[in-house]
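Asker: Read off the chains here:
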Amino acid sequence: MQKGRYCFANSVKTALVGYRMDGADVIIEFEHAPVLKVPFDSLCYSPGSAPWLHEYRLCDDSVLCCYEPLPAGRCSFSHRLTWFEKNRTISVLALLCIPVLLFLLVFRAVPAFSAVAANFISDKSYQSIGAGYLAVLDKGLLHSSQLSAKDQADSTRLFQALAGRHGSKNVNYRLLFRDSARMGANALALPDGTIVVTDDLVSLIGADSEPMAAVLLHEIGHVERKHSGRIIVQSVSNSYLFSMIGGDFDGVAEVLAGAGSGLLNNSFSRSMEQEADDFSLAGLQRERMPPAALGLALRKMLENNEGKGQQTVRLAEVMSSHPDIYKRIHATENYGKPDN
Amino acid sequence: MIGENITAESVHADFKPVEFRGNGSEYFGIWIVNLLLSILTLGIYSAWAKVRTNQYFYSNTLVDGHSFGYHAVPMQILKGRILAIGLFVLYNLLSAVNPILALAGILLFAVLLPWIIVVALRFRLRMTSYRNVRFAFRGDVGEAFIYYMMLPGLVITASAMLATFGAAIFQRDLTAQMIAMGLAALLWLALFPQIILRKDRWRFGNIQYGRTPLVRANFNARPYYLALLASGVAVMLFIGLAIAAVTALGLSGGNLKSDPTTAVGFTVVIFVGYMFSLFFGITVYTTIVRNHQFNNLVIPNLAKTRSNINLWSYLLLMMGNAGLLLITLGFAYPWVSVRTVRYLANHTQVRVDPAIEEVLGRTENADAAFADEASEVFDMDIGLA
Chain A
1 MQKGRYCFAN SVKTALVGYR MDGADVIIEF EHAPVLKVPF DSLCYSPGSA
51 PWLHEYRLCD DSVLCCYEPL PAGRCSFSHR LTWFEKNRTI SVLALLCIPV
101 LLFLLVFRAV PAFSAVAANF ISDKSYQSIG AGYLAVLDKG LLHSSQLSAK
151 DQADSTRLFQ ALAGRHGSKN VNYRLLFRDS ARMGANALAL PDGTIVVTDD
201 LVSLIGADSE PMAAVLLHEI GHVERKHSGR IIVQSVSNSY LFSMIGGDFD
251 GVAEVLAGAG SGLLNNSFSR SMEQEADDFS LAGLQRERMP PAALGLALRK
301 MLENNEGKGQ QTVRLAEVMS SHPDIYKRIH ATENYGKPDN
Chain B
1 MIGENITAES VHADFKPVEF RGNGSEYFGI WIVNLLLSIL TLGIYSAWAK
51 VRTNQYFYSN TLVDGHSFGY HAVPMQILKG RILAIGLFVL YNLLSAVNPI
101 LALAGILLFA VLLPWIIVVA LRFRLRMTSY RNVRFAFRGD VGEAFIYYMM
151 LPGLVITASA MLATFGAAIF QRDLTAQMIA MGLAALLWLA LFPQIILRKD
201 RWRFGNIQYG RTPLVRANFN ARPYYLALLA SGVAVMLFIG LAIAAVTALG
251 LSGGNLKSDP TTAVGFTVVI FVGYMFSLFF GITVYTTIVR NHQFNNLVIP
301 NLAKTRSNIN LWSYLLLMMG NAGLLLITLG FAYPWVSVRT VRYLANHTQV
351 RVDPAIEEVL GRTENADAAF ADEASEVFDM DIGLA
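Going down the list, the protein sequences come from chains A and B. The opening position of the first sequence corresponds to residue 1 in our numbering, with each subsequent residue numbered one higher. The opening position of the second sequence corresponds to residue 1 in our numbering, with each subsequent residue numbered one higher.
Keep in mind the hints are simulated off the structure, nothing from the lab. Since we're looking at a predicted model, the values are computed, not measured. Just so it is clear, CB atoms sit at the ideal spot from N, CA and C, and this is done for glycine as well.
Derived DEER-like restraints, expressed as beta-carbon distance ranges: (1) B:M150 - A:D25: 53 to 63 Å; (2) A:R157 - B:M236: 50 to 60 Å; (3) B:G240 - A:P99: 38 to 48 Å; (4) A:N119 - B:L311: 52 to 62 Å; (5) B:T175 - A:E333: 56 to 66 Å; (6) B:L316 - A:R108: 38 to 48 Å; (7) B:V268 - A:K327: 14 to 24 Å; (8) A:R5 - B:T41: 28 to 38 Å; (9) A:R88 - B:M149: 44 to 54 Å; (10) B:N295 - A:R108: 50 to 60 Å.
Using the sequences plus the hints, can you model the full thing?
Answerer: What follows is the structure in structure tokens.
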């Protein structure tokens, strides 16, 4: 018979008791009360406030506090967990495994899952997302184009030729022109196959030029690789993982985890820009155009945005949604060379 | 006079510090296993992790030699968590696919907010016990609607209307427009601490321990105004720092777009300034408000609390915690948590009256864990400590 303490249900009162196992039951013996017999399986275990204390909650909310775990409970899930938690070797192994597992989960499993899942998003959904975003952009960021009809026709002809040769048949590609002082010389792709180019971009690199072809192929690359769908799936997957795995972080840790999540999204965005560049370079080669045309377009956009030709420092690159533009230009100039 | 002093000292002597017996390396063992199993099970184990963590912290916090208890069951938490995270993921999906539907989701959530708050508080307190007697929360949804939706809504609407009408009436007079904006801000500053005060009185004043009378939360407005003012100073410090950084940048001829080194330096200065002002603001607010709250909480004829957090030592602790987390890439989290809880425990005292030996609890059905999980997933502030 072991000695323990019994805390009465809904009361601060306690009593010293003796307890023992009797088959699958626990027998609790009081000094001035009848013996209590409870099935061991009905008890809920929790480690007590001190390392030597083990608490077993009964169905009526009373508690049996023991100094030794009950013999029948030594193999239970809770006891095994407690053993895991107190084992230093397991802690060290977990410490080593967790960064690797997190890396594999976030940088390999989630992007791979997103790439697969993006294919299951229906064309109708992509059309709906594209139409929704265009409506939002048209209300705030974009205005009607001021380009001449000839410039628009030249670019549209080039775009239709490229989309016909490099785009999927099931995507309804169309090119739109918009004026935007805030976006400057730029282009963007919507998931339904709508490509928007700004007036500044057309004026800067020419309506029917090789650099324009390079930019349009880059944007077609975003649509073909389903980057919008992948971003949605990745963002939702990461939200789930951060909530489930890091959901119990609070205070300072929560702020820092939020910053980490932002940097992670930027990293995904950079890898997608790289993919779109690769798509453009391969397309330019098939069109028998120089790959450096993409570099030329990027350089002109950079100069237009007051760039003065310095390398991006590593930290700035980490915080950006796009890869270092000089590295991108360098890659276009060396595309197809043996050592590249 | 002498008699008064003796009484005051003897009353003070009755207060005993809250004791926290946990330690960083012990909690590290629990935390690392929690994290590992949560990753391996893609988050399913996080429900068990939450129970293990809360059990560890509750059972290691002792008042008058007795510890607290946490009684939620992991499956209960898991169901609530899956439902809450499902809604959160759906909201993220809607935001990406159709922002208008996402807005409708936010409105629906706002309508449900008072209910979520009440049910979450009921669950949280029902799952907490001291000396095997459970706590309870007696507030109702109507009151939650008043304190969390109606009063803030009225103040924000009144301030916005004042600013908008000011701008509309004094279209050509910039000074008058600025005065109207200032008045709107003043109205907000004058009324908002009153709302927080009433919300806190309601949150704490509806706590019940067993069958004892409700907690008496004798809070008054002054510390709330002081806390808001001090937090405002922190924000002003940050804005001042940002202006100084921009001015220094302009004077040195730097250009953020063309000079990445300057851009990084600027970003780092702004980030550090932001973090410092954030810590300073939170620390000042917590110190003033928590000390006031705990110095004015009473369970009639049963217990009284005291708090004496020191602003600078608490700020130092928070900054140290941030540094530790940054240096160790988050792996110092268990020590950071334990340091914080121990600090708060060391600066809290409780006087427990002998009447506690007669306290009885009551058997009640527990609410579902969904609302508690939703309040965490959507980052709602309903904490009580």
